[in-house]
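*Asks:* Just so we're aligned: 90 in my numbering is position 90 of the sequence shown, and the numbers increase by one with no gaps anywhere.
Be careful, since some hints might not be right.
Stated by the list, open to error - Derived lysine-lysine pairs resembling DSS-like cross-links, with alpha carbons at most 30 Å apart:
#, residue 1, residue 2
1, Lys92, Lys20
2, Lys129, Lys92
3, Lys120, Lys20
4, Lys102, Lys56
5, Lys92, Lys102
6, Lys129, Lys20
7, Lys56, Lys20
8, Lys92, Lys120
9, Lys120, Lys102
10, Lys129, Lys56
11, Lys56, Lys120
12, Lys129, Lys102
13, Lys92, Lys56
What the hints assert, rightly or not - Pairwise CB distance ranges, derived in the manner of DEER restraints:
#, residue 1, residue 2, range
14, Glu25, Gly123, 30 to 40 Å
15, Ala141, Thr22, 34 to 44 Å
16, Thr54, Glu107, 20 to 30 Å
17, Lys102, Leu29, 36 to 46 Å
18, Leu14, Arg164, 13 to 23 Å
19, Gly169, Thr22, 33 to 43 Å
20, Gly74, Asp142, 21 to 31 Å
21, Lys92, Glu4, 37 to 47 Å
Please keep in mind that the hints were generated in silico from the structure rather than gathered at the bench. Beta carbons are placed, not taken as given, at the ideal position from N, Cα and C, and that holds for glycine.
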Amino acid sequence: MSNEVEFFDVVDELDNVIGKATRGEVHELGLLHRSAHLLVFNSIDQVLLQRRSTEKDTFPRMWCSSVSGHLDSGEDYDECVIRESLEEIGLKLRRVPERIFKIEACEGTGNEFSQVYRVKDEGPFSINKDEISEIRWFDVADLDESTMHASGDFSRPFAMVWSRFVEGGFRP
């Protein structure tokens, strides 16, 4: 992982930019900020999930969305999902994927407003070992809330994303 200091936009309760701070300050002080999540589905109703690297500062070794990442200062949600897709799993998106919903910032998201996208893609994928330890296809039908909570292997933000996906009646 890079030793370069990352800056994030700090936002208000309506997701308007009100300043910027370092990654450390944002997390230490619980400041509202932004993230993007991408759910990658294949043609047989499976979702690609990533197991986060042991080096990650939040939710190490836990399963998370296909792609997820903070918006850099000055970046918008669409730019972030395109950048993170390439950085994390080597997925070069030809266009902005479908925006399916946005989750309000709360404790469960780590005080992040999270824009969630979806796309169909079969791969191949190339993982960034600094960010991800492995990726795996999961059958959509097997990912229910009780399974995620019982196993303790899924990050809180992903559990919120998936719960909203299921409750919203979204399909792969």
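*Asks:* For every hint, state whether the structure bears it out.
*Replies:* Now the hints, each set against the structure:
1. Lys92 / Lys20: Answer holds: Lys92 to Lys20 is near 28 Å, not above 30 Å.
2. Lys129 / Lys92: Holds, at about 17 Å.
3. Lys120 / Lys20: 34 Å, violated
4. Lys102 / Lys56: Judged against 30 Å, a Cα distance of about 24 Å means the pair holds.
5. Lys92 / Lys102: Roughly 23 Å between the alpha carbons, so the hint for Lys92 and Lys102 holds.
6. Lys129 / Lys20: 28 Å, holds
7. Lys56 / Lys20: Holds. Lys56 to Lys20 sits at ~22 Å (cutoff 30 Å).
8. Lys92 / Lys120: Given that 30 Å is the threshold and the Cα spacing comes to 13 Å, the pair holds.
9. Lys120 / Lys102: 19 Å, holds
10. Lys129 / Lys56: 11 Å, holds
11. Lys56 / Lys120: Measuring from Cα to Cα gives roughly 27 Å; hence the hint holds.
12. Lys129 / Lys102: Holds, because 28 Å separates the two Cα atoms, which is no more than 30 Å.
13. Lys92 / Lys56: Roughly 23 Å separates the two Cα atoms, so the pair holds.
14. Glu25 / Gly123: 30 to 40 Å: Given a distance of about 37 Å, which is inside 30 to 40 Å, the answer is holds.
15. Ala141 / Thr22: 34 to 44 Å: With a Cβ separation near 41 Å, Ala141 and Thr22 satisfy 34 to 44 Å, so the hint holds.
16. Thr54 / Glu107: 20 to 30 Å: 24 Å, holds
17. Lys102 / Leu29: 36 to 46 Å: 23 Å, violated
18. Leu14 / Arg164: 13 to 23 Å: Holds, at about 19 Å.
19. Gly169 / Thr22: 33 to 43 Å: 39 Å, holds
20. Gly74 / Asp142: 21 to 31 Å: 39 Å, violated
21. Lys92 / Glu4: 37 to 47 Å: Given range 37 to 47 Å: violated, Cβ gap about 23 Å.
Comparing the model with each earlier hint shows violations of hints 3, 17, 20 and 21; every other hint is respected.
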